[in-house]
Structures are given as structure tokens and as C-alpha cells.
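Undergrad: One line per chain: the protein sequences are A and S, in this order.
Here the numbering used here = 1-based position in the first sequence + 522.
Here the numbering used here = 1-based position in the second sequence + 1.
Bear in mind the hints are in silico, worked out from the structure with no lab data behind them.
Don't take each hint at face value.
Claimed, not checked - Listed next, the in silico DMTMM-like pairs over lysine to aspartate or glutamate satisfying Cα-Cα at most 20 angstroms (straight line):
| hint | chain 1 | residue 1 | chain 2 | residue 2 |
| --- | --- | --- | --- | --- |
| 1 | S | Lys145 | A | Glu725 |
| 2 | A | Lys741 | S | Glu96 |
| 3 | A | Lys544 | S | Glu96 |
| 4 | A | Lys670 | A | Asp782 |
| 5 | A | Lys741 | S | Asp129 |
| 6 | S | Lys145 | S | Glu168 |
| 7 | A | Lys670 | A | Asp785 |
| 8 | S | Lys145 | S | Asp129 |
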Amino acid sequence: MSQTLLARTTAADRGPRLSSAKRAETAATVLLLALLIVAPTFVSRSTVNDLGQAVCLGLFAISFNLLFKYSGLLSFGHAAFFGFAAYAEALLLQSWPGLPLPLLVVGTVLSTAILGLLLGQVCVRRSGAYFSMTTLTIGAFFYAVAFKWQGVTGGTDGLDSFMPQNLLLLPRWSLDNPGTAQTYWLILAILIPAALAAWALLEWTPWGNAVVAVRSNEKRAAFLGYDTHGVKLANFVLSAALAGVAGALWAIDNGFVSTDSVDLSFSTTVIIVALLGGSGWFWGPMVGAVIYIAVSDRLSALTPHWQIFLGLAFVGIVLFAPRGLAGLVQSIWQRVLTRRGRQNV
Amino acid sequence: MSELPTLHLSRIAKSFGSGPVLQDVNLSLQSGERRGLIGPNGAGKTTLINIITGGLAPDSGDVFFQGQRITGLSPYRRNRIGIGRSFQILSLFGEMTVRENLRNALLRHRGLHVLPWRAAARLAPIEDEVAQAAELVGLGDVLKARVDTLPYGMQRRLDIALVLAQEPALVVLDEPAAGLSGAETRDLIDLLQTRLGDRTLLLVEHDMDVVYSLSDRITVLDYGRVLAEGSPAEISANSDVRRVYLGEDAA
Ligand SMILES: Nc1ncnc2c1ncn2[C@@H]1O[C@H](COP(=O)(O)OP(=O)(O)O)[C@@H](O)[C@H]1O
Ligand SMILES: [Mg+2]
Chain A
523 MSQTLLARTT AADRGPRLSS AKRAETAATV LLLALLIVAP TFVSRSTVND
573 LGQAVCLGLF AISFNLLFKY SGLLSFGHAA FFGFAAYAEA LLLQSWPGLP
623 LPLLVVGTVL STAILGLLLG QVCVRRSGAY FSMTTLTIGA FFYAVAFKWQ
673 GVTGGTDGLD SFMPQNLLLL PRWSLDNPGT AQTYWLILAI LIPAALAAWA
723 LLEWTPWGNA VVAVRSNEKR AAFLGYDTHG VKLANFVLSA ALAGVAGALW
773 AIDNGFVSTD SVDLSFSTTV IIVALLGGSG WFWGPMVGAV IYIAVSDRLS
823 ALTPHWQIFL GLAFVGIVLF APRGLAGLVQ SIWQRVLTRR GRQNV
Chain S
2 MSELPTLHLS RIAKSFGSGP VLQDVNLSLQ SGERRGLIGP NGAGKTTLIN
52 IITGGLAPDS GDVFFQGQRI TGLSPYRRNR IGIGRSFQIL SLFGEMTVRE
102 NLRNALLRHR GLHVLPWRAA ARLAPIEDEV AQAAELVGLG DVLKARVDTL
152 PYGMQRRLDI ALVLAQEPAL VVLDEPAAGL SGAETRDLID LLQTRLGDRT
202 LLLVEHDMDV VYSLSDRITV LDYGRVLAEG SPAEISANSD VRRVYLGEDA
252 A
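Isolated chain A, as found in the complex (with noise of 0.2 angstroms):
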């Protein structure tokens, strides 16, 4: 066998006549992500400051679809685990304050696995409105006790002025101003691994496969072999890590945690930004994300009931595109070139 069939023939082949799907579908991924990286260069400071935010949104909003797209299961309290990591990142910091960035990452990202696994077991036992409903109460939970346990979260206030000074490879680079591109770098040399990293998982390994197989046909899958609760455990351990490595990186960028990342409405605003941007592409949710924070940049400077408008439009797009506006993209991007074909026959 050639190679070349060798390098078509893997698990999350869709068969030859969708791998030119999965080919525009990686030409789109690293598209996007190039514009990301490149878009300091061209864009305004405040702009890169929102960008910043956006990113973090957006990988926010790719752990969540990780459960909602590949397990098929709607978390209503993601933000306990965003939040979970922004507030322990702060401690960690309060304690060692001159912990390395990698480490510092590394231990809040483990801490959100390890809180992962143990409401995972818990979660995943359900699924549907149960699933839903049990995460809901965990955010409350996550919620309440960032906002009354004060000695700690620091309540309403929150806590504030916390910067990793240690960035160990990067002596020269400081965090010292959230907002300017050198932030926004070091939070994509971070988040762009991480996120490549799952979107390689989820869509080129079989273990991706494994996971949609259970998905798909728990039943099935379960008689066939696979040990289904174990795979949307460690499915829903991997989406906590991700909502982590978020919470994590918006700490860094905003240089404060507040009881706003682990509000439920920020679990709600997520599920939007997820299908505003469209669940049914990995990085449909980044998209999302980047469109979320320049939308609601523009319309809450024109009028304070900006959230209306911004509940009409997601309304719109549920109706008109339930794919997302990565789906409505595709869709148009699929039309131009079968009127092409037909130009050329």
C-alpha cells in the first residue's frame, strides 16, 4: 500500500468521497488560526485587548462543545470549571508567587482535571435533561460558594492585582500590561496548543472515534466492547481540563477573577457563543467567540439594552442557521463551487 493511502486510511476518514471535506475542513482550521496569530499586526490596541478575551471565550466555548458536539451532552454549569480555574490559579499565585507561568498552568489546568473527574462520575451516569440538569446545580453550587466563602474567593470583590512574574523562558516579557499583543501571544503560544491538541484527538485519532461511536449508539457501543461510561468520563475530564486552560488564560489576560466566571448566565452565555459560532465544527465555538465580543462591544456603546438585540440575533440565527454562522459560511462556500462545477462541465 502506497503512502499516500496509508495517510488516507486512518480512523476519522470518512471515506475517500468526504476527505476533501476533511481537507477544506483543515484548510479552514489553520486559516483561522493564522488570522489569530497575525491580527495584532493590523488591528487597534483595545481591539488586541479584545481579542485577547475573545480567545479565551472561544476556548471556552470549545470545551463546552466538546461535550456537546462529540458526547451529545448540554452542560448547564461549564462555567464552574472556568471559574474553578481562574480563582485557583489566584491562589496558587497568593501562595507561590513566583511560580513559572508553565507550572502555574500546568498545576491549575490538573487541579480542574482532577475536579473533572470527580463530578464527572457523577454527571455522566445520565444524559439528556438529567445530564443538564445535574451540571446546573453544580454551577449553582460553584457559584455560591465563589460569592459567600469571602475569606478565600474574596466574595464580591474578588481578587484582584495577581500576575505571574516568573514567565521562565521569556525573561524580557512581562504581563504587566494586559491587552498588548505580547499578552495576547503568550496566551495563544498556550491555547493554541492546547486546543490543537484536542481538535487532533476528537478528529484524526480513534479514540475521536471512540467517543462519537458512544455517542451515536450507546447501546451498540456497549455491546460491541466499549466501556461507555469510561469514555464519556474521560470525554468530560478533557472538556473540564480545556474550560481550565480558558479560565486559566483569562486570569492572565484580565490580571483579576471575579464571581463573573463562575456566574451561570457566563454558563448560558457559552452554550451561545457555541452555537452562534456553530457546534458542528470544532472551531465553530472560536468563531463564535470572536463574533460574540466585537457584537456586543459595538451594540453596548450604542445602548445599554444591548443583551436584547443580542438574544434577537442568537433567536435569528438558531432559526435561519441552526449550524452556526461557520455552518451558514459553509453552506454558501459549498454553493459558489457547485455553480463553479457546473460553469466547468
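Starting from the structure of chain A, add chain S with the ligands where the hints point.
TA: Quick look at chain S with the ligands alone, frame taken from chain A:
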């Protein structure tokens, strides 16, 4: 040294809210034996299959597989030790292609299903096996078709292919000929006669042609109890069986 039975059921009982469904069911399948399990609708055949494969726990009694007590084992563990089953009501990966369905079965069977990387060298042979498994049941031309768009007969064959692809020691089939045409049923008999090899078979089926063609022995279940057990000739001559089952079939 006598060989342990591949499957041994000891005093299985099961009730649902509506009352007892299985009572004191004993069943032993020798290695390589092909056993037909027949009985009227509602006799408890599917329930018994669920108890054998792990979908349901019995209220009392035990299930042994190759001498090992597996009564409390989950379905996936029973599959991994060599029990494969099909479903009376088709249960496939409907929105996936035939290729992807077989891949799900084979990746798992080869223990590659949780590989977190693309091991091209290890995965390439799987693709060959997928193609062979499809060819075996005459689905070689529709590898790329979405399963829920296929005709029912093809879906039935895919169901069997998923089971056979994993080379289980015990094959449990729940009405594999249900809904098939006469020609399709003959194809199914051919397929099973050529592909089963020395695997042990437990076959639940209403079509007596299929049962007689494939079974070494037949067990008759009626109202959750074993009514009779014997060779196909003995069963077709048994007056009790003729009355409750075969008679009903002829009516
Ligand atoms: N999950 C269940 N809950 C309640 N009753 C059930 C359930 N499954 C099966 N039954 C009842 O058990 C009896 C046997 O069913 P089943 O094993 O499907 O019979 P068969 O496969 O022989 O037609 C039927 O009366 C059926 O209604
Ligand atoms: Mg039945």
C-alpha cells in the same frame, strides 16, 4: 477431562412489574454447538438474551461463560471475553457509513479503539479488515453509504457483520431473519453456514427453515420456562411443542 460448556445458565429467574418472565431456566451450550431457541412471542427469549449478554441482571440464578461466572459483568466486559450479539430491533450506528460501523467493531476488537494518536501502520490493516468484513456479507459496494439510508435487508446483514467481525466465541442472534424476504433469508442461512466456523451459536428465530438449517439442538421456551429440548427431529415430533408453538405457526 470434559470440556466446560461455552454457555451455562443455572436456574435463571426474572420478573418485571407485570409478573414473572423467566422461571428456573437452565441451559447448557457445548463449545461449537449451534442451538436454536424458539417460543411464542412474549415467551422471554429476548429477555434471556439480555441476561446472557449483560443487558439485564437476573433476579436469581447464574450465567457462566467457559466456566467463569459472569452474572454481574457489564455488557462491554462480556463482549471482550467473547460474547457477541445482534438485536431483534436493529441497533446500528445509523448516521454513520457502513465503513464507519465496521470500523467501530474492528478498532475495538483489535484493542486500538482508544489510541490517542494516528498510528497509520497499525490502523491500515484495520481498513483491509473492514473491507473484507463488508465483502463477506455482500456490502462491499456500499462501504460509503450512510447506514440509515440502506434497505432493511442490508442493515440486517451489517448487524450480523458487526458481530462476526469481532470473532466472538459465542454468537447470540435475536431473530436475524425478521423482516427479510425469502431470498434474503436463504442468503442469511448460507452466510451463517459458511462463516460461523466452530463458533458456538445461540439463535433465536421464528422462521423454522432458518432454525432447522442451522441448529444442532433446539430449546423451546414457553411462558418463561423450558418446555422441551432436543434434536430438530425430536422437537418437530414433540406433541407439546406442536401444540404451543408449531401449531400456532401453521394456523
Ligand atoms: N423492560 C421490560 N419491562 C417490562 N416488561 C417487559 C420488559 N421486557 C420484556 N417484558 C415482557 O416480558 C415478556 C417477554 O418479553 P421478551 O423477552 O421480549 O419475549 P420474546 O423475545 O420471547 O418475544 C413479555 O411479556 C414482555 O412484555
Ligand atoms: Mg424477542
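Undergrad: With reference to the structure, classify each hint as holding or not holding.
TA: Evaluation of the provided hints:
no., hint, in the structure
1, S:Lys145 - A:Glu725, "holds (18 angstroms)"
2, A:Lys741 - S:Glu96, "holds (15 angstroms)"
3, A:Lys544 - S:Glu96, "holds (17 angstroms)"
4, A:Lys670 - A:Asp782, "holds (14 angstroms)"
5, A:Lys741 - S:Asp129, "violated (26 angstroms)"
6, S:Lys145 - S:Glu168, "violated (23 angstroms)"
7, A:Lys670 - A:Asp785, "holds (13 angstroms)"
8, S:Lys145 - S:Asp129, "holds (14 angstroms)"
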